[in-house]
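Here the protein sequences line up with chains A and B, keeping their order. Counting in my numbering, the first sequence runs from 967 upward without gaps. Counting in my numbering, the second sequence runs from 967 upward without gaps.
Heads up, some of the hints might be wrong.
The list treats identical chains as one, so a pair stands whether inside a single copy or across any two.
[What the hints assert, rightly or not] Calculated cross-link-like contacts (lysine to aspartate or glutamate; reagent style EDC-like; alpha-carbon spacing at most 16 Å):
#1 Lys-1268 <-> Glu-1111
#2 Lys-1174 <-> Asp-1453
#3 Lys-1117 <-> Glu-1454
#4 Lys-1470 <-> Glu-1043
#5 Lys-970 <-> Glu-1505
#6 Lys-1026 <-> Glu-1075
#7 Lys-1240 <-> Glu-1005
#8 Lys-1179 <-> Asp-1294
#9 Lys-1357 <-> Glu-1114
#10 Lys-1268 <-> Glu-1309
#11 Lys-1430 <-> Glu-1485
#12 Lys-1124 <-> Asp-1251
In case anyone wonders, no lab produced these hints; they're calculated from the structure. These numbers were taken from a predicted model, which means no experiment stands behind them.
Protein chains: 2
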Amino acid sequence: MHRKLRVVVVGGVAAGPKTASKIIRNVPDAEVTVVEKGEFLSYAGCGFPYYISGLVKEQKELMATPAGIVRDAAFFEKVKNIRVINHCEVAGIDRAKKTVFVKCGCGEERVLDYDKLVLATGASPLRPPLPGIALRNIFTLHGVEDAEGIKSVLARGKATDAVIVGGGLIGIEMAEALILRGCRVTIVEMMDHILSMFDPEMASLVEKYAESKGIRILGGTKVLGFEGSEDVAKVLTDHETLRADMVIMSVGVRPNVSLAKSCGLELGRTGAIKVNSQMQSSDPDIYAVGDCAETVNLVSGKACFVPLGSTANKHGRVAANSISGIRDEFNGVLGSTICKLFEFTAAKTGLSEREAEKEGFDPVICLSPSLDRAHFMPCAKLLYLKLVADKSTRRLLGVQAVGPGDCDKRVDTAVAAISAKMSVDDVGNLDLCYAPPYAPAMDNLIVAANILRNKLDGLMSGIKPEEVKAKLARRENCLLLDVRTPDEFEQGKIEPCMHVPLGKLRSSLSVLDAYKNTEIIVFCKISLRGYEAARILGEAGFRDVKVMDGGVLMWC
Amino acid sequence: MHRKLRVVVVGGVAAGPKTASKIIRNVPDAEVTVVEKGEFLSYAGCGFPYYISGLVKEQKELMATPAGIVRDAAFFEKVKNIRVINHCEVAGIDRAKKTVFVKCGCGEERVLDYDKLVLATGASPLRPPLPGIALRNIFTLHGVEDAEGIKSVLARGKATDAVIVGGGLIGIEMAEALILRGCRVTIVEMMDHILSMFDPEMASLVEKYAESKGIRILGGTKVLGFEGSEDVAKVLTDHETLRADMVIMSVGVRPNVSLAKSCGLELGRTGAIKVNSQMQSSDPDIYAVGDCAETVNLVSGKACFVPLGSTANKHGRVAANSISGIRDEFNGVLGSTICKLFEFTAAKTGLSEREAEKEGFDPVICLSPSLDRAHFMPCAKLLYLKLVADKSTRRLLGVQAVGPGDCDKRVDTAVAAISAKMSVDDVGNLDLCYAPPYAPAMDNLIVAANILRNKLDGLMSGIKPEEVKAKLARRENCLLLDVRTPDEFEQGKIEPCMHVPLGKLRSSLSVLDAYKNTEIIVFCKISLRGYEAARILGEAGFRDVKVMDGGVLMWC
C-alpha cells in the first residue's frame, strides 16, 4: 500500500510556507503540517518600513497574496491543503523516532510523525544586553508586533527624536520612514561608515546624501546604554549623549538554531544550520531553509549567513523538490543587497574591494560615476559605479552602485555576469539594451568594465581619491592636473592643482616640462578626459602619470 | 627607424570616431585620418525622436560630449590628435598599393596611404521606389537634415495628419514624438503586427497601448504610393487611402557597402561586410565596424545585420585594439532591442518563440504578467514577460518584456544570462537584488524561469490564449475554468467558462465530475492560482488539464 509522504515544517513566515506549498504542488497527496509559534503566517516583513512610513496603508496588505487574499490558517487549509498549527511551538525533535513534540499556546501537547522535517525557524534580531535596554520605546524591527509598536508611538506624537542603532539596510530604511513621519533622526554606527558591506568611498556617498535629507550620522560610535524613567529618554554613546524618544535597534540578526542544536544537527562556522546543496542538514531527513540556514558565497566559495526573503523562497523550492524527488540544487548567493533612501539607491553584489582582499584575490578596481541614460535626455541621473575584478584572471568579482540613477538594473545584470564567472572583457561586450531613455549608448556597466580592461591592459594606472588626499596630507611631491573646461574648473577646484583644459594639453606640454619625473595625477569630472590626458602625457615622455579614479565626482 | 602607424577611417558618425580615438589612446603617435562625407561628426542619431518631440531642446546637445563640448573637426584635432577631413568622400580604394582616393566637396582630390583601413560607412534608410515617393514632406529619419526637415514642417503647423510607414523601433519612437507635437498619427505596417521581432501576443500588448494613446495602427497593410501636388497629401494602401501632411518612412536600413564591394571585399549573406571576431574583412588590413558590418547572433550562431549605436562602439574598440596589437574580440550580439512609447516599454533579447522555431530549437515558452515590485508598494507596475527556452537543454533562448513596469532591468539581466548560456534553472536561482521598492521577493524573471522549470519538469502543461481562442472558434469540446475570486470574476469574464474560486476547488470537485476526460483549461489573473488548480485537478484524476499561459491579463 502506498503510504502518504508526511512532512512537518517548523516556521510559517517565509521559507516554511513556500516549502510546504511547493511540496503539495509536487506531491498533491502529501500530508504537510506547518507549525508556527506566532499568530501570523507568510507576511512580508521587509515591507514594515513602508507600513511605518504610511506608504503601505494597511497591515493586511503585507499579509495578503497579490490577489488580496490574506494567508491565514484557513487559506492554507482550503487552498493549499496544508494543515497549519499556529500559536504552537516545537519543543523537541526525536530524530530516531522521527517525531516532533509540539506545545501549543492553549496548553495542549502533541506529537507529529514525519518522514521529512523542514526547519524554517528564521532569525531573531540582536538585542545586546546594554544597560537600560528594557526601557519602553526601544524597538527592533522583526515581527508585526514591532511594527505596530513603533506605529503607535508615532501615532501618539511621542517620537520627536529617534535614534537608530546600526546603519545597515534596516537602519537606513527606517531612517527614511521616520523622517517621513516627522522625526529628527540620528543613526549611530559602530563602524566608521554605515552600510559596512560597501567600500568606504561608496558608503560615504550615501552618508553625504543622507545628511542632505536631515539624517544625522554618527560613525565610529558605540552605544553604551540607555536612560529614562519608563520610556527611553537618552542614548549614551562613547562620544556623546543623545536625546531619544524612540530607539530602533538594527544591529543585525542571529539564526534561530536552538531546536537544531538540541537535536544534534551540525551548525556551520557562521552559527547557522549547515546544509548541502539540497538544503539537507547533517541529518538527511531534516532540511533547513531560509534565515536559519547557512549558505555559500559563490565568489569566495566560503560559508556565509545572508538572511533574505528572496533567498528563503529559493531555499524552499529546492528543499521541496529534493523532498519530492525532483532534481534541483541551490549553490549559493552573491550577497546581493539593495536599499532605497528617498531618491537614492545603494546596491551591491559579489565582493567589495575590502572583501576581495580578505579572500585572497588581487583586486583591481574602478570608480565610474556617470549619467544612467543618454546624456541629452532630461531624465538622465547620476550613477556611481565601483567594479572589482581579479587581476590575474580578469574575472569580475563585485559591483557596487549608488546614487539617484538606475542602480538596480546594473547590479542585477552584474549578478548574472558574476554568477557565470564572466571576465570584465565578457561584460564589456554584453549586448545590453540601448535606447536614449534607458541607457547611454555605452551602458555604465560597459564603460566601467572598459576602464578595468584599460587598467588590466596596462594602458592606465589609477589612484583613488582617498589615496590622493593622503598624499596631499603627507605633503608628498606630486602634481594634480585638472583637465576640465575653464567653466567647470571655476565651479569647484581641488587645491592645490594645475589647470590645463584637455583641448589645450597637446599644445601646452612645455609648461609641464619641469614635471617630467614628478608623479602627475590627472583628473576631470569623471576621469574619462583624465584618461585621455594621461595617454597624451605618457606619450610625451612623462614617467609617472596616474588617473584619479572617478574624478571630481568621487572627491567627497 | 620606427615608422608611424597610418590609419584611415572612412566615416565619422559613430563607429569611425570611436575606432580612431581608441587607436590614438592605444598608440599615441599613430597618424589617424577620418574621412567623412557630411558636415557632422559623432552625433547621436538615436536622439532625433526626442529632439523632434521637443524633449531635447537643441541640436547641439546631440553633437556634444557629456561635458558639453561639440565634437567638430577642431575638437578631434586638438583633443584627440585625429585629422578629420569632412565634406569629402572616398571614391576608391587600391588594396594593392594600400591607398585611398578621396574627393572633396571643394573639388580637391587627394590620395591617402594606409597601413590599416577602417570602413565605418554606416547604413542608409530604405526608400522604396513607390509612386510619389519624391513628394515633399516624405522623410526618413537618418541624418541631421531629416530631423531638421521634420521639425520645420511641424513648426509651420503643417502636419496635422502624420503617417508612419513601418512599425519598428524608429516608427514607434516617432509616433510618440509626433503625438506630443499634436499630430494625428497612423502607423502602417506590412506585417500583421508592429515590432515584428516580438512574438505576436507581445506586440499586441504594445498595439493595444498605442491605440489607447491615440495612435492608429494598420497592420497587414501595404503602402502602394503617395499622392499630392508638391507636398504629400495622401498615402495609398491596399486597404484604404490615408490623409497625410507628413510621412515618415521607417521601413529599415541597408548597410552602405558600395565602397567595400568596389574593392572586392567579401560581403556576408545579410549583405553587410563580412568580418571575423577582430572586425577584419576578407582583406586583413581592412576592418569594417558599425552599421556596415555583419555580426553573429550568439544564440543561433548565424550571421545577422543589427545596426545599433551600442554595437558600433564595441566594434570600434575591438578593431582599434586589433590594429594596436591588443588581444580582443567581438563575438556577436543577442539582437537586444528596446523602445519607449510614453509610459510603456518593449524590450527583447535573444530569440522570440517564432525565431527559435525557425532556428531549429524545440522551444518551451511561458507568459508571465505580474507586478515589477512588491505588490504592496504603490509604485509597483505591471510587467509582461515572455521567456523562451530550449526543451532538451533547458537553456534560456530569449526574453521579451513589455508594459509599464521595469522591462529594461529584466531584459539586461537576461542578456548576461543568455550570453553565459544559462539554463532556466540557473536563472531561477540568480541572487537578484531584493527590496520592496525594486522587485518582488521573487523577481519577475525568477518567477518566469520557475514556470518554465515546472513545465520542463512535467508539472504543468500550458496553452497560449491564442490557442484557446482558436479552440473556442472551432467549437472544440473543452472546459474553461476560471479560479479567480468572485470579485475578480465579476469585473471581467472570459466566456464561456465555469467559475470555481481556487479556495473552493478542493471542496467542489464533484461539480466537475462530468469533465474527468474533457480537456480542462484553467486560469486566473496571471495563472499562478491556475497552476495550483491544475495540480489539484491532476491529483483528483482529471486526465487532460492545461493552464492558460499568462491568464486573463494575456487575454487581449
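**OP:** Identify every previously stated hint that the structure contradicts and give their numbers, smallest first.
**Re:** 1, 2, 3, 6, 7, 8, 9, 10, 12
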